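There are 4 protein chains.
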Amino acid sequence: MTWMDNSIMKTRGAAGRKDGTTHHLTEAKQGKYHYTMGPYSDPVLHVEPGDRIVVETRDAFEGAIKTEQDKPTQKCTMPFLNPQNGPIMIKGAEKGDAVAVYIESMVPRGDNPRGTCAMIPEFGGLTGTYYTATLNDPLPEIVRKINVDEKWVYWSDRVTLPYKPHVGTLSCSPEIDSISSLTPDSHGGNMDLPDMGPGSVTYLPVRSAGGRLFIGDAHACQGDGEVCGVAVEYATATTIRVDLIKGWNIEWPRLENDEVIMCIGSTRPLEDATRIAYRELVRWMEKDYGFNKWDAYMMLSQCGKVRLGNFVDPKYTVGAAISKKYLVMK
Amino acid sequence: MTWMDNSIMKTRGAAGRKDGTTHHLTEAKQGKYHYTMGPYSDPVLHVEPGDRIVVETRDAFEGAIKTEQDKPTQKCTMPFLNPQNGPIMIKGAEKGDAVAVYIESMVPRGDNPRGTCAMIPEFGGLTGTYYTATLNDPLPEIVRKINVDEKWVYWSDRVTLPYKPHVGTLSCSPEIDSISSLTPDSHGGNMDLPDMGPGSVTYLPVRSAGGRLFIGDAHACQGDGEVCGVAVEYATATTIRVDLIKGWNIEWPRLENDEVIMCIGSTRPLEDATRIAYRELVRWMEKDYGFNKWDAYMMLSQCGKVRLGNFVDPKYTVGAAISKKYLVMK
Amino acid sequence: MTWMDNSIMKTRGAAGRKDGTTHHLTEAKQGKYHYTMGPYSDPVLHVEPGDRIVVETRDAFEGAIKTEQDKPTQKCTMPFLNPQNGPIMIKGAEKGDAVAVYIESMVPRGDNPRGTCAMIPEFGGLTGTYYTATLNDPLPEIVRKINVDEKWVYWSDRVTLPYKPHVGTLSCSPEIDSISSLTPDSHGGNMDLPDMGPGSVTYLPVRSAGGRLFIGDAHACQGDGEVCGVAVEYATATTIRVDLIKGWNIEWPRLENDEVIMCIGSTRPLEDATRIAYRELVRWMEKDYGFNKWDAYMMLSQCGKVRLGNFVDPKYTVGAAISKKYLVMK
Amino acid sequence: MTWMDNSIMKTRGAAGRKDGTTHHLTEAKQGKYHYTMGPYSDPVLHVEPGDRIVVETRDAFEGAIKTEQDKPTQKCTMPFLNPQNGPIMIKGAEKGDAVAVYIESMVPRGDNPRGTCAMIPEFGGLTGTYYTATLNDPLPEIVRKINVDEKWVYWSDRVTLPYKPHVGTLSCSPEIDSISSLTPDSHGGNMDLPDMGPGSVTYLPVRSAGGRLFIGDAHACQGDGEVCGVAVEYATATTIRVDLIKGWNIEWPRLENDEVIMCIGSTRPLEDATRIAYRELVRWMEKDYGFNKWDAYMMLSQCGKVRLGNFVDPKYTVGAAISKKYLVMK
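Chains as they are written, first to last, in the working numbering: chain A, 1 to 330; chain B, 1 to 330; chain C, 1 to 330; chain D, 1 to 330.
Calculated directly from the structure, the hints in this document are not laboratory data. These numbers come from a predicted model, not from an experiment. Some hints here could point you the wrong way.
Any copy, or any two copies together, can satisfy a pair, since identical chains are not distinguished.
[Stated by the list, open to error] Below, computed lysine to aspartate or glutamate pairings styled on EDC-like, alpha-carbon distance capped at 20 Å: (1) Lys164 to Glu259; (2) Lys305 to Glu259; (3) Lys246 to Glu56; (4) Lys66 to Glu48.
Just chain A, with the same shape it has in the complex (with noise of 0.2 Å):
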């Protein structure tokens, strides 16, 4: 038995234990990819609470870096950053309720090197920017392309980092909104946080009916905070298993792992993010696990974990965890 056997998705999700059908979102099937998350687009697919999907996700900047002679600001064209597969509608969901999405597992696709860095001016943590508005010259405008595999990211001759996977966006659409594939809020999208990799659940609220997911921005490894503004981009076969939490009315994206719940909150400034994801944090743990408001509070203060997703985009990103151990009834 492992931890999943007690997970959330699996003890409350309506598939349960039941293992569904596994569909393909390929490239082809995908057509459009979408560069906002919303109710106005037309399903890619249809899927039943339990089902698998494979999915064809391409690189932040849609494959066009090919070469480092490749500039962002040449070859790309805001707003069409950040393409999202989807809309996918899971059968059965309702404003109020919660979608599952395990990741199984993200595999690269494409000829190396596939990984894509890149300096883009007025983006990133360190540099004035459209909204952090300064009068400086911006950086300049470098592309690093990186060999990428399935064990190890070649970052350059000096430093191999461990492949690290995970999706940078993922959310439910919101209601009625429809919002910039480059901004999280409180319907997931570009969180960016490193723990959305295989293994992990994420639960995010459903807004409209289907719930309609958008996935895509796999990462092969990221830092906490994507501080120059990118990650290494690549395209993956990115392989998930969705299941539907039914009336529960969660506010904000909530994940689980092996090790951990955790709690996403995006906003600036990022004080405001960290005090969405840390309350609640404190209401899942006084609604689901018992505990006092007020201990729960207090106990945050001495094994609270915080994780910096992104602060570079529209909106920054946190994440608030605790130890699973800590949660354990006695």
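Dock chains B, C and D against the given chain A, drawing on the hints supplied.
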């Protein structure tokens, strides 16, 4: 000759000094009001540059708060707040142009008490909110109904305030996003700037064909920052005149009146909104008024004026302005 | 009878309407100027409530910038900037009181060009800074020397600005901290509010015996936000009259003039400075002007006025004000 | 050979591998504890580089909270909180040097329940505060007394947490400011980083002769962000070894342990603290480890680690780190 004769609207507008047709965008003609500004809704009106439109705006609660016993949390449902008229299509408008909106007059509609103010739980400047998440109990929910005429806002037995009407929410459509009417950003939106009243021209970036103009959220008066989150909200017949500045590719909304030119920034934290507004103003002075960039920057440090729009919405709004008398060429 | 006869200073001050002695705090008498405001420096003057003091202030660069070739990075050394006169001891002042500082006049000292403005690397509102740390190259270092008289600030061939003098930095001492004169906080300090000029009264919390008043940083004029980080800095003979409000235990500085009462908050991010200022104003209206707390809050949402002090210092300053005409009891 | 043999402390310290004298800074020897870190207090100890000091720290409430009925608002008085030992003078330390503080061990003092946690009105991450000023009623004031030994923190019947001691507040003196021990900034101060425990070396900028080292605020454990504002506060005998890195002119504190090097930034908003930490880390990698600046920046985007210190103090603290394995020269 008035200042309008020398305004950018008159001197660079496609209609120029020609007076156009008057349209009536009544409640009936509008039909369904909108809660997002985006490219996915059906036009309600097609106009030419120079045309005048009398718009029947609804108040931000869409008329649901009729007495002080009507609570927003019972009568209204998120995200169906702040209803917008539109989209209005302006002939010839294309991405890279600017739409000019001159507000001629704002006349109250409906019976008194026409005005509504409210304290809404977890909304406002001096309370924990959805984004500034705290564990404190919310403030009480309180509704105020207020008599309003074209001279005064009869706030209380003790205090009568001057009628200073303005449009709280104004924008063209983003290119692909469909953004909540509660949110301001570079497209305009819920800026809540008291300056945006009769006698002002607002310039809005065009990002899709026809511009797709949205307007709503009239305030009979409002303080800087709209600190409790709600102004004196009311329904109006607002008369605007629109024009089109071809090839004026502005990134953020701008405003002009008898006395000043103003640039408008909206984001969080509030210093970033201020940065955006001032940077745009430096750039405007450099491009259209012949100032050296550094001279403009240093001079605004001596004579710039800042207006706080709201600091209660999902994003905050700041206008940075300079008196026109300092722009005169010698 | 003027507004001053009804001011808090006159009606609640220990000196009341009695006119006190005039002291001269010359450069010679001051001796060493101070770069922190705290309890560890030796008094330079002892005065009684009601006394008048003519203070010879130095400019923020302590006179080191004499020509446009003098660069601040060469001529000045951090943290020895923004020199302050004081500490001035006010007889009878104890923790829990407030000191009132009425500014009578500000007369320029020294030969023209007396005024200095500068762009200083990594300082200012539209650049990466020490705290908003970026990797961009700094903006150029530029110095402007400006003629100033008691009518005008001769900014450039093209622009002449009105002389609108005010005191940039004003405070009593914190209780145990000794805070850089570049930083504003609840003690006052480097607030850079254009309202703090002749004809205004500032109320400062007393936190140690004698109050230990510090004053400096005169500006011949300044825009909202002091966007490039520097106003038109100059040396003055500033005449103030001080009084003592016993038992008026204010937490943050307050200001009163002919037209408004204002509360002042200083911190980061800017929305928090605004929150402080407005919360203090709500509390002041409740305590001293008979308003219900929630009525004050909602009413300020309709008629509150916000002044941005600076958003360039280590902390940002905001004043929130209400017109005195709305405070009249009926 | 351990990592310490290759540490900056050992390889560049003035004492080098020489083992110095052991001093005992007992409560009696300390006498009066300090509530600000500055240049105005009398030294309590003079040591040589390489010396060892056993410091008897008091808990952040200075022992005033003995039972769960003792309320901080009754037993403690602002600003007399977070008492510090020191200043300790390090022979030869001059402005432009860095002091290295290796923490050898932290042993609890006093009878159980030795540990104290509390919810203090208007203090903490999920409540309106002095700076994030709201009109909401404060959260309840709650005190928890906790048994602590060198293995465990006995939080509740349900939860036992591992003993993970660290020093919450550590700094040399600023040059002329005297800063509250509640506030972190570039001098160090109240950083509340869980990494600053036994087995770590912290490097602090020296800004006045002798360095004037202050230390206090021990925590038996603490979560990221210290969300309720208080850790498990306790009194200790903390053994440190100090050394002096001549001419290492660091602007912000740095930390080194077996696994990582870390730079520490403290300010508001939280994104600025993160910017400082990451910029310093880029600069450190460039200067001491031979990385190209842009390569370091882009690489940290793939493997940087962020620790949230506290986001509850007057300023927030972030540590940005990189694994030492990526620093190895090839």
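What label fits Lys66 with Glu48 when the C-alpha limit is 20 Å: within, between, both, or neither?
-> neither (37 Å within a copy, 45 Å between copies)
Classify it for me, Lys164 with Glu259: is the Cα-Cα distance of at most 20 Å met within a copy, between copies, both or neither?
-> both (17 Å within a copy, 19 Å between copies)
Is it within, between, both or neither when you check Lys246 against Glu56 at 20 Å Cα-Cα?
-> Cα proximity of Lys246 and Glu56: none, with 28 Å in one copy and 42 Å across.
Alpha-carbon proximity between Lys305 and Glu259, which holds within one copy, between copies, both or neither at 20 Å = both (11 Å within a copy, 19 Å between copies)
The earlier numbered hints that this structure contradicts are 3 and 4.
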